[in-house]
Structure formats: structure tokens, C-alpha cells
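Enquirer: Protein chains in written order, with my numbering: chain L, 36 to 125; chain P, 70 to 227.
Hints listed in this document are in silico derivations from the structure and should not be mistaken for laboratory results.
A hint or two may mislead.
Calculated pairs, DSS-like style, for lysine-lysine (alpha carbon to alpha carbon, straight line, at most 25 Å) [unchecked claim]:
no.: 1; chain 1: P; residue 1: K84; chain 2: L; residue 2: K46
no.: 2; chain 1: P; residue 1: K89; chain 2: P; residue 2: K71
no.: 3; chain 1: P; residue 1: K140; chain 2: L; residue 2: K94
no.: 4; chain 1: P; residue 1: K84; chain 2: L; residue 2: K82
Output of the computed footprint for chain P on chain L, the stretches with three or more beta carbons under 8 Å from beta carbons of chain P [as the list claims (entries may be wrong)]:
no.: 5; segment: 43-51
no.: 6; segment: 80-93
Some chain L residues close to chain P (C-beta under 10 Å, calculated; not the full set) [unchecked claim]:
no.: 7; residue: A54
no.: 8; residue: T55
no.: 9; residue: V58
Where is the CB? At the ideal position from N, CA and C, for every residue including glycine.
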Amino acid sequence: MQEARVTIQNKLGLHARPATAFVTVAQEFQSSITVRRSDADELIDGKSIMMLMMLGATKGTELVICTEGSDDTEAIKALVQLVMSNFDEE
Amino acid sequence: MKLTDLVVNEAVIVKLEGAKRNEVIEELLDALVAAGRVDTGNRDDYLKAIIKREKRGSTGFGHGVAVPHAKAESIDQISVAIGLCADGVDFNALDQQPVHAVFLLLSPEDRPEDHLDAMEAIFGSLSQEQFRRFLFQAQSIDDVMTLLDEHDKSQATR
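Assemble the whole structure, with the sequences as input and the hints as a guide.
Expert: Set out below in C-alpha cells:
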């Protein structure tokens, strides 16, 4: 299992477009992917856009991403990189 | 954020007339205009913005629901219109399934936090299988508003 903490930095937060991008990357991997806000316990499925939108992650929200499976190292790397790139937004 | 505060009662359409994505978006937007939430003068710009957003990537996020949306400077209050269609509308959804419930969302440009709050409330309900089932079966505006109210109350007691 791999775990990483990332902070949403783009101005508009995790709105529909970045959430779609997250799911698209997550779905490329076999590993199960869960996400939670660092200030909450509820785990959500990182491959479901509806669930990601339920996080209400604004700029400054810290997320904990967990991957588990045969490609969990690659998965966590790709997802952290995506968030760190601010989803190509401001 | 409460669904009953976001959704405009007069802009709930339980039987959409349109059968195509753009027609449905237009119908819901016009309902918001009629309800006084959108100025007639801005209507065409919003329509363009919503459809442009839809072309960049479908807001048909699966499970028979779509949430087309736009942000605009001249919107001062988040407004949501709901449309239902038993036959289903092709939204080019992520799961390729027809859409039976459309939530059209307009939010102020300068308040991204509110936009995310509203999305959180909307998906908090739409992600529940039971909520979707009851919503798809709603026959009247009252049915829809009661369902939204029940959802708000269940959230409040969590």
C-alpha cells in the first residue's frame, strides 16, 4: 500500500474538470485507489467522479491518497504528480 | 449547503420536452430566466458557455445523471434547475448511458468555494442509488422538492 498527502493548490479547487482528470488517471491502474480529506475519516473511491466531487476540496484542502495493488507505486506517483501540476490550471 | 436552497422551485421540470442535450439545457436555462434568476439579456451567453463546457468534456458523470454548469460574473446567487426525462437523453455520458436527471447549475464566477460546496451537495445526493431511484420516479415538483428536503434533513443529522 502507498499513501501520500497532497494539497489542492489551483484557484478553483477540485471542480469537475480536474476531478475528471483525476479519475481518468486513476482508472489507468489496476490498484484500488481511495481518497479522503485529511480532516475527515470518510474514504471515497478515487475512480468515481461523483465521489470526488463530494469531497468539496477547495484550494488549500489537504487530501490523503491511498493506492493498493500490483501497480500502487506507479499509481500514487501519477496521481500526486497530477495534483502537484495544479491540473494545468492557475 | 442545502439542496432546497440551491434548487429553484419554479425551475423543476418533471417531464422535459426536449430529447437532445442542447434542447434540454435550453429548456432548463429558460426556466431559470422565467423564475427571475437569470436576466434575459444574459441567456444566450450562458447557453453558449454551458454548451462549450459540455463539449470540452461531458458532465454526464454516469448513473443516468448530468450536471451541466457554467460560472458567470453576472450571477449573484447559485441557481440550480432540475429536469427529468423518463426516456433518457444522450449526454455522451462517461458510462455511455442515457441521462434521466439533469441538474443545471449556474454559479458566481468569483466564488469558487461556493461552487464546490454546491457540487458537494448535489453529488452527495446523486451518488446515492436510492436517491436516484426516487428522483427518476418523481411525478411532480412537490415529489422532487420533498425528496430534496428529506436529503437535506438526513445530512443535517449526520
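Enquirer: Quick check: which numbered hints come out false for this structure?
Expert: When the structure is compared with the hints, numbers 1, 2, 4 turn out to be violated.
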